[in-house]
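Undergrad: If you want the building blocks of each chain, they are given just below.
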Amino acid sequence: METFLQVLIDGMLSGMVYALVAAGLCLIWGVMDVINFAHGEYLMIAMYVSYWLGFLANVDPVVSIVASGAFIFILGALTYKLIIHYTIGKPPLAALLATFGLAMLLKNLCLNRFSPNFLILSDTWLGDKTFQLGNLIFPAPQLAAAILSLVVVGLVYAVISSTRFGWAVQATAMDRDAAELMGINTERVYILIFGIGGACVGIAGGIMPSYLSVHPEVGSLFGLIAFICVAMGGFGSIPGAFLAGILVGVVESVAGFYIAPVFKYIAVFGLYLAVVFLRPKGIFGW
Amino acid sequence: MQRKFFNGTDAVWLAFLAALALAPLVPAFAANSFRMHVMILILLFAGMSQAWNIIGGYCGQVSFGHSVFFGIGAYGAGMAVVTYGGTPWPGVIIGMVLAAAVAVVISYPCFKLSGHYFAIATFAIVEIFNRGFLVWDWVGGALGLDYPLIEEGLANLMWHDSKTEYYYAALAIFIVTFGIVRWLEGHRFGYYMRAVREGQETAESLGVNSTAVKLAAMSLSAALAALCGAFFVQYNLRVDPPMVMSLDMSMKFVLITILGGSGTLAGPLLGAAVLIPLQEYTRAFWGGLGGGVDLIIFGLLIIIMVVKQPAGMIGILRSAGKFFSGKKSAERGGEAHVSS
Amino acid sequence: MTRGFSSLSRWIVFFAVICLLIGFGPGSAPAAEKVIKIGTLFPLTGPVASAGQRCQAAVQTAVEIINNRHPGIKVPLAKQAGIMNGYKIVLVHADSQGKPDVGKAEAERLFNQEGVWAIIGSYNSSVSKPASLVAERMKRIFMCGASSSAALTKRNLNFFFRLAPTDETESIEFVDALQWMNKKKNARIKTIGVIYENTEFGKHAAEEAKKAAAHGGFRVVADVPFSPGATNLNSEVQTLKKSNPDAVFGAVLGADYSLWVRTMKQSNWLPKAALNYCSGYQDPVIMKQLGGDAEYFMGATAYSPQFAGLMPAVAQVEKIFKTKTGGVPFDGDSIQEAVAMLVLAQAIDKAGSLDPDKVAKTLHANTWESPLSLGGKVAFQKGGQNKLAKSILTQIQKNEYKRIYPEKMSDSTIVLPMRPWAKR
Numbered sequence: 001m002e003t004f005l006q007v008l009i010d011g012m013l014s015g016m017v018y019a020l021v022a023a024g025l026c027l028i029w030g031v032m033d034v035i036n037f038a039h040g041e042y043l044m045i046a047m048y049v050s051y052w053l054g055f056l057a058n059v060d061p062v063v064s065i066v067a068s069g070a071f072i073f074i075l076g077a078l079t080y081k082l083i084i085h086y087t088i089g090k091p092p093l094a095a096l097l098a099t100f101g102l103a104m105l106l107k108n109l110c111l112n113r114f115s116p117n118f119l120i121l122s123d124t125w126l127g128d129k130t131f132q133l134g135n136l137i138f139p140a141p142q143l144a145a146a147i148l149s150l151v152v153v154g155l156v157y158a159v160i161s162s163t164r165f166g167w168a169v170q171a172t173a174m175d176r177d178a179a180e181l182m183g184i185n186t187e188r189v190y191i192l193i194f195g196i197g198g199a200c201v202g203i204a205g206g207i208m209p210s211y212l213s214v215h216p217e218v219g220s221l222f223g224l225i226a227f228i229c230v231a232m233g234g235f236g237s238i239p240g241a242f243l244a245g246i247l248v249g250v251v252e253s254v255a256g257f258y259i260a261p262v263f264k265y266i267a268v269f270g271l272y273l274a275v276v277f278l279r280p281k282g283i284f285g286w
Numbered sequence: 001m002q003r004k005f006f007n008g009t010d011a012v013w014l015a016f017l018a019a020l021a022l023a024p025l026v027p028a029f030a031a032n033s034f035r036m037h038v039m040i041l042i043l044l045f046a047g048m049s050q051a052w053n054i055i056g057g058y059c060g061q062v063s064f065g066h067s068v069f070f071g072i073g074a075y076g077a078g079m080a081v082v083t084y085g086g087t088p089w090p091g092v093i094i095g096m097v098l099a100a101a102v103a104v105v106i107s108y109p110c111f112k113l114s115g116h117y118f119a120i121a122t123f124a125i126v127e128i129f130n131r132g133f134l135v136w137d138w139v140g141g142a143l144g145l146d147y148p149l150i151e152e153g154l155a156n157l158m159w160h161d162s163k164t165e166y167y168y169a170a171l172a173i174f175i176v177t178f179g180i181v182r183w184l185e186g187h188r189f190g191y192y193m194r195a196v197r198e199g200q201e202t203a204e205s206l207g208v209n210s211t212a213v214k215l216a217a218m219s220l221s222a223a224l225a226a227l228c229g230a231f232f233v234q235y236n237l238r239v240d241p242p243m244v245m246s247l248d249m250s251m252k253f254v255l256i257t258i259l260g261g262s263g264t265l266a267g268p269l270l271g272a273a274v275l276i277p278l279q280e281y282t283r284a285f286w287g288g289l290g291g292g293v294d295l296i297i298f299g300l301l302i303i304i305m306v307v308k309q310p311a312g313m314i315g316i317l318r319s320a321g322k323f324f325s326g327k328k329s330a331e332r333g334g335e336a337h338v339s340s
Numbered sequence: 001m002t003r004g005f006s007s008l009s010r011w012i013v014f015f016a017v018i019c020l021l022i023g024f025g026p027g028s029a030p031a032a033e034k035v036i037k038i039g040t041l042f043p044l045t046g047p048v049a050s051a052g053q054r055c056q057a058a059v060q061t062a063v064e065i066i067n068n069r070h071p072g073i074k075v076p077l078a079k080q081a082g083i084m085n086g087y088k089i090v091l092v093h094a095d096s097q098g099k100p101d102v103g104k105a106e107a108e109r110l111f112n113q114e115g116v117w118a119i120i121g122s123y124n125s126s127v128s129k130p131a132s133l134v135a136e137r138m139k140r141i142f143m144c145g146a147s148s149s150a151a152l153t154k155r156n157l158n159f160f161f162r163l164a165p166t167d168e169t170e171s172i173e174f175v176d177a178l179q180w181m182n183k184k185k186n187a188r189i190k191t192i193g194v195i196y197e198n199t200e201f202g203k204h205a206a207e208e209a210k211k212a213a214a215h216g217g218f219r220v221v222a223d224v225p226f227s228p229g230a231t232n233l234n235s236e237v238q239t240l241k242k243s244n245p246d247a248v249f250g251a252v253l254g255a256d257y258s259l260w261v262r263t264m265k266q267s268n269w270l271p272k273a274a275l276n277y278c279s280g281y282q283d284p285v286i287m288k289q290l291g292g293d294a295e296y297f298m299g300a301t302a303y304s305p306q307f308a309g310l311m312p313a314v315a316q317v318e319k320i321f322k323t324k325t326g327g328v329p330f331d332g333d334s335i336q337e338a339v340a341m342l343v344l345a346q347a348i349d350k351a352g353s354l355d356p357d358k359v360a361k362t363l364h365a366n367t368w369e370s371p372l373s374l375g376g377k378v379a380f381q382k383g384g385q386n387k388l389a390k391s392i393l394t395q396i397q398k399n400e401y402k403r404i405y406p407e408k409m410s411d412s413t414i415v416l417p418m419r420p421w422a423k424r
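Protein chains in written order, with this note's numbering: chain W, 1 to 286; chain A, 1 to 340; chain Z, 1 to 424.
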């Protein structure tokens, strides 16, 4: 029983990190119907930002999340301005392919600039700490990331659902032309959405160097899992992506422990198929 | 898109094929084995992308799962040779049949999904197959299958020193896939596929069983993909799951077709003819520097191509065609002079 | 549309021209007559790029020593410039991306287009296999430094040579070491767990480990493969923790290694002894960054900077190597690639000919002086395995790789069992 609870906790914690990574993707996808293939690479770059701040200026990742969030906000907005903008209204796969190229570019640019070495921040505030509750162990960095995930996802959800900007976003997502006619500057909405989506993953990446090593390939699997979470949760639904993230984390952890570790990702991808075969538009989709 | 049984474009195609068939006879061409290698890859990936084009381009179902079928074909040939010590041919056939069967089984539920849900589902299937094959010891698991040194020749579909035979084998695959698609274009089934792409409900209302059409297109596409996969493993003499069943591989087929122009006969060839040399030559030129310079440039070029010409190379050819026939200046009022 | 066409077509023309220039243009060989071209084929991009780039730098280091006079370096060929009365070695580099198909294509290109005389490569066993077959068919030499799969040298190839010890010999060494710990240190180790990445490398190491463990009378209670590049290793570590083996054999590379160590720390679990195959444990950068967490882990090592006492010649060579890697010292893998280059050059020099057949026979027939190898000598058996390949079992103590087994080569006493996390 204790082991089961521990496995469950591990799964929930990593699931909430997935949710945070997925939230940004979900936003972009929901509003613009664009699959951003470079999402995992955003995460990787955010981790580099946080790592270099920690390494050169001794800033702890907990603080660096502000900088990495801001950095990826700019990167996201630039991605929109320089690339995605030109693919709007073109064949639906154009944006996906362009971001695939972008992912390749960013990954190898980092390889080129920062070497392929595995970089680890030692002596971070959270790095080694754990909380114990009876025999159950809560690793501090994952716990912090999970809390951060709750806060950020909640904040984004609140902004989207109950501010004027959020309504503009929703209107744009439903029908861009109609929104334009209503006086919404949809171009600005798109830039901001890409930026905010980037900032979410930037914040996630910012805290990760507390417990993960940084290297050019680190984002790939996170990116893939984020796709799964977003689609499983239902097109553009942030609560859906959050729930799906946790579900993915738990299934990964439980299957990894009770079946076999090599089956954990098979179980995750299988879970997605099972969910969409039952509900073709995802958990919260309509 | 009315296609007659034989028209002027087909004559151009035949002339082109004849030129391809004669190319290895030119000593200056055949002597350079790297150029032959690039040509073989162009033909193979053009064929492979054409197979994808059947379902992705003509039928409008964007699948990222084709590396699964590619991989099944590769494993069919690989296991026939490595595990059972025979010739690859029975494996090729079994692989094609099996790929078609798997395609039907996994596509049937997936076709109920729309848009991105379908695309992500095919992602998931690739990952499941990839990781499943990695732990499945009967097919070699993570160790993969390595070919022993066996006799060269058509029986073993393997040649050691010369690439000319491989070239002709790749050309054969190219002709088969392009021939089938050309035939489909003028055939009733081809019209069904395009009708489904343009609007499933409309197609249904006209009496087209869209599920049947999609499944048939998918299994044909998968069988051809398996054929290409079998050639790929015979060419590389090794197969393991990351080599053949990976998202990277799937993306390559999609990328080539979209960049060339999806849903067109010439698109996959154009895409492969641009993308494959780009990939091979940038790597040959800059890969050794380390630091992924070749991949940086490759990624940048993909972005530029997509941003500048989302309709694919075929769009460029069309506008070039208009340019040369002088239609364009009439339509656009000499705008071409502005761009420099 | 028009603008798009014209500017894109300019790009295409530009690249078509470049392609043609590469394809049709003259080769990149310098005009000097006495030149031997050697190809290197390493994963310079992709998940194992860091190891690949270090291996490439190691070969470059060796070539610098061969081509120039280095009176201060006590390595064969260092005192003279070039080999065979003034032949210089020129390297042609290629990137395998860690993919077998790319590696094979690049090997063919190196031989046919670049006209290299031999290839050194390719780190990944899965790439070395098809790439070395290309060399074998062309009757050219393929020197393999660090690929560890024992199967490579069981193919009876005539032109393939591998320097590093295989995972087979390492597994046997591990089991020997465990028996020694039981006998001499009263460790009471009975059960073994194996954790490995589910790739050619890891799978192969695990199979050899299980074989050796059965042979040595140990029971394997946990068999934990995982997908490399994992986002977390929680269930893997939980599985280990549940079966609680006395000793763990790990084949865990790069980033996964540090994640594994840290996850064990978070789960507050450790075996009595943890023994590692190559890379993750050996990587000096990772060791340093893990700091105190890396302490008391053990692994097979063919070289580390603390071996200076055993291998005095390395220090001078390492100085050159560090200029190429930004200060990272040799590790057990990269130094093997330098040895591969040096031994090949020695063989060419001795054979006095550029006939691959003759040089391959010379390589087989002789025992080679190799101050960069742990044994000090290199000799090949049929199939190309370096039968004098050795590695020492080391343990990290106070951020240094201390030699602990075999006893006669040791410089420290083993800390056994590993000190628990709470008491560090």
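No wet-lab data here; the hints were simulated from the structure. You may find that some hints are simply not true.
[To be verified] Capping the alpha-carbon separation at 20 Å, the derived lysine to any residue pairs in SDA-like fashion look like this:
(1) W/K90 with A/I150
(2) Z/K242 with Z/W269
(3) A/K112 with W/K90
(4) W/K129 with Z/P371
(5) Z/K387 with Z/P371
Undergrad: Determine for every hint whether it applies to the structure shown.
TA: Here is what the structure says about each hint:
no. : hint               : verdict
1   : W/K90 with A/I150  : violated (50 Å)
2   : Z/K242 with Z/W269 : holds (10 Å)
3   : A/K112 with W/K90  : violated (25 Å)
4   : W/K129 with Z/P371 : violated (45 Å)
5   : Z/K387 with Z/P371 : holds (16 Å)
Of the numbered hints given earlier, the model fails hints 1, 3 and 4; all others are met.
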